[in-house]
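Q: So you can see what is in the structure, the chains are spelled out below.
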Amino acid sequence: MSEIQNYTLNFGPQHPAAHGVLRLILELDGEVVQRADPHVGLLHRGTEKLAESRIYNQSIGYMDRLDYVSMMCNEHAYCMTIEKLLEIEVPERAQYIRVMFDEITRILNHLMWLGTHALDVGAMTMFLYCFREREDLMDAYEAVSGARMHASYYRPGGVYRDLPDSMPQYEASQWHTQSEVHEQNKNRQGSLLDFLKDFTNRFEGYVDEYETLLTNNRIWKQRTVDIGCLTAEQAKDLSMTGPMLRASGVAWDLRKMEPYEVYDKLDFDIPIGTNGDSYDRYVVRIEEMRQSSRIISQCIDWLRVNPGPVLHEDHKVTMPERMDMKNDMEGLIHHFKHFTEGYGVPEGEAYGAIEHPKGEFGTYIVSDGANKPYRLKIRAPGFAHLAAMDFLVKGHMLADVVTVIGTLDIVFGEIDR
Amino acid sequence: MSQYYSELSDKVIAQLADFSLKAEVAYGELTIEVNKDDLIQICLILRDDQDLAFDSLIDVCGVDYSTYEGSKPYQSRYASVYHLLSVKNNHRIRIRTWLDDDLPVVDSVVGIWGGANWFEREAFDLLGIIYSGHPDLRRILTDYGFIGHPLRKDFPMVGQVEMRYDANKQRVIYEPVTIEERVIIPRVIRDDNRYAGRLNASEENSEESA
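Same order as they appear, the protein sequences are chains H and E.
First residue of the first sequence: 59, per our numbering; consecutive thereafter.
First residue of the second sequence: 5, per our numbering; consecutive thereafter.
Simulated from the structure, these hints should not be mistaken for laboratory data.
Some clues are possibly wrong.
As the list claims (entries may be wrong) - Calculated cross-link-like contacts (lysine to aspartate or glutamate; reagent style EDC-like; alpha-carbon spacing at most 20 Å):
no. : chain 1 : residue 1 : chain 2 : residue 2
1   : E       : 92        : H       : 291
2   : H       : 107       : E       : 166
3   : H       : 314       : E       : 59
Chain E with its partners taken away, still in its complex shape (with noise of 0.2 Å):
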């Protein structure tokens, strides 16, 4: 599996010859880094190639790295990350592109797959990704008249508004909220060296792929 990727993602950067970016292969995985100005092209030739045609998005999400712990080093604190699957050629590559810190915009892929449409809206509403060109940029999950975007890093657990049933106004009102966050199992990371050459194995990987 490994060593199919590690193939493709040659093809990948012979075709992207153009475009600066990064590829990694890890667990069977290829990843390629873009720059949020390229992503539209990018997507065009991975889509439009004979040998890649990435016919179908699976899946659009968008990451807020504010509070990553890890070693790898991050760019800035949001990604956009794309989930491409060709059904033609039975191969997947994940696209990560990063997005400015105070105003995260990134073209719109809703023109190259249909598909795009909901995942980008969904991106939107919980992450505050702006994809610019999108048809209807709306909140999709969240509930009308909703404030913030809940998975961005500092939003709170427990919300900021809770609602009940007001007998006296005879409606549903929005209140703060009253409970307090409770973390009960510590968020820790153990210096574990049974994963310590992992990390650099997968290094390795990429720059002899790069």
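Chain H on its own, in the form it takes in the complex (with noise of 0.2 Å):
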């Protein structure tokens, strides 16, 4: 037999730990990784191309479809940074609205994250648990949009709608009896906020039985911890941001370094690990999201107690209220331009970014002064580290890669772009 020393190994595009169409070309020796070449750009839909010929509204829809699994996140930066070159202030109730849906947003990602992650590694009962927890969130995203994923919900100026008074019901079917129908929608009585406070109140039970499953799994923490190690310098020099950074020990948090909307005044905490390998990226996520679904309880009370407008009232860049728009010549005239010709947005360059759950996600925008924005350039996190997989798994053994590419927290939406 000749001795094959070095060999290449093709993984993907379709292959189930790929977590989407990541495409990696790995040479081993025996099964030890020597060099690992992601080919990405399958997912390739040139958002950015596109954005450049549409009206800045009518990109917010293809923010959502970026990062598929945090899709007002993504909303959220693109319009912080519309509402920036506008120099326009967003209502308060509307900011916390939108941190509200961002902190959703982000049990929504971990969960997914979680639930994937654990999978590639062979816990397959995660997966199941995770997908229960964002059925409920997915039903928020409902009421409050119509959609639930893509949302469009975000607005350069506020939020499109204030939150509804009452949650979808579920209906008999041939499936589901009316008794079981009736024990489904108990918790949908109320409004939607009040089926928000009871997943608070639920959720923190939840996440202790993710970690009775996972933190002292004996499999869980061979199979992560020393993989995919990286200091906080290391980790600094490649780009890495959000739980990549704080995993290894640095304590940055756009939230709290640079507070935006009305994170200032809410109060929750960083938690950040000490190895920066792939166990502490788990139980960094782990507590971001019982922090979330503090922030979330602090919004709700704070939403109770305090109606208002949610929208920006300049019309001249935001949609006017229905009845105007019947009633008012003026309105009619704004509804007109607001749909055939959008807004101008004046000259100049703005980067806008917010804590995703990935890490930083920032989109750069270059306005002439047109109603189309000239260059848009998205800033996605997953990028970033996916570029660093050739780094984090030289030297790994092969069934080590899955679990790198499940720490990394991948989405092909917002990589690919």
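Both chains come to you apart, so use the hints to assemble them.
A: Structure (structure tokens):
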């Protein structure tokens, strides 16, 4: 038998552990990875090019489809950059709604990450648990925007509409009897805020359940401890942000460092890790879910007692009220201009970034004063994280590649754009 | 915020006194424009100076200014734009460097921030900017064998080729596009007096700091 030292392995793009369409060329020495070369771009849709030919508001929907497990956060960064250029202030109630939905989105994202990461590593049950809770949060998305995932709910100047007073109800069908449906609808009798309050009360217990399954689990620890280590210096050098950076012991969170919206009025903690390995990133993200739940709870308390407008009053940039459009000449003109031409954004350039569940998600807009962006650059955290793939897996075993892909929390919608 | 950044702008100008550069603070963000030949030296200073300490590269992107209609002058067709972040001192800076029209070449900053690797590959792929000294300058987002640079302004929105499965040849084939580009809402720049004073105001600021 001839002696083969190195050989090349093609991993993906159709592989269940590739989290989408990652094609990975691995150079192996036995079972040890010598080099990993990720090929991305299989989901490239040219969002940046498309945005150049569409008026500002038309691209909000494209933002949802970037990182398709944290939809509203993407919209948030985009809207925030436009607001920066327009120099408009968002009404306080809209800021609280945005923060609340950002945190709902963070939980949605982390649940998706936890479920799939654990599934990759071999813990099947986690996947089912996580998707149970995701269902409730997606119902909150649906109640507020009409869509379970691609919400298009944020607008430059606020949010599309105020929170609903009632939740959608389950209906009896040939699969669910009336009594089952009655049970399912029990926590949906009040408003969206009541429903979310009920969720935050339950959620702490759910996170405890996940932790019982994984945190001290011997197999989980064997698969994640000391896999894909990054020191703080390396993480900064490799453009890491978000949990990837925090797990390496750097207390960096845009919600604290550059507080946008109302994060400076809310009480929450930033968890950080010490070793910068996959296990630390797991612990950091678990704790972030608890903190998000805390933030949601504070937002609910504020939103209950403070009614008010949710969209900026300058109807040169925001859509007018429906009744104004019907009864008021100026409202009609604003409505017509808003949908036939959009609004011009003053000449200049701005970069707006938010603490996305995955890291720093930013948009850089160059405007020449037209009703369409001259150049839109989307800074996706996953892109920088996946770029470090080669560095992270070098010298690890083949099975650890799957752990590293999982721990990076990559979604191809944002990497390929 | 603007106050902090105009002070930072003074600091940056003082540190980079040997180089010719333009600094501007707008929307609470500091932008400096540098010559492409000085880029590497300037980046090293920005990273290593303890007061500045830009230890993380957030983004590299290219911009094609060829159809820019605003009133601000642009020096040449292509620009390479870097967004830096200092995790240590919590501030940011944007560096813009103008590149030649016919062959946009600039030195790679991969040696300074390892994270620049893929961002520069992306700018090369989408705009054709060449980063000399880059260890592995390949296309990244577009298809294998793709021709052209999609984010250039002369690249059509609908692309140049389309692909389909050919039943006779039993494989996927490429053909010239058959769809036409449609513009539903035209691009317009309105003379808006609400924003009239704004450009002048930011120029005054930049003169003060420079």
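Q: It remains to establish, for every hint, whether it holds in the given structure.
A: Evaluation of the provided hints:
1. E:92 / H:291: Distance of about 11 Å is within 20 Å: holds.
2. H:107 / E:166: Measuring from Cα to Cα gives roughly 17 Å; hence the hint holds.
3. H:314 / E:59: holds, 19 Å
Against the hints set out earlier in the document, no violation occurs for any number.
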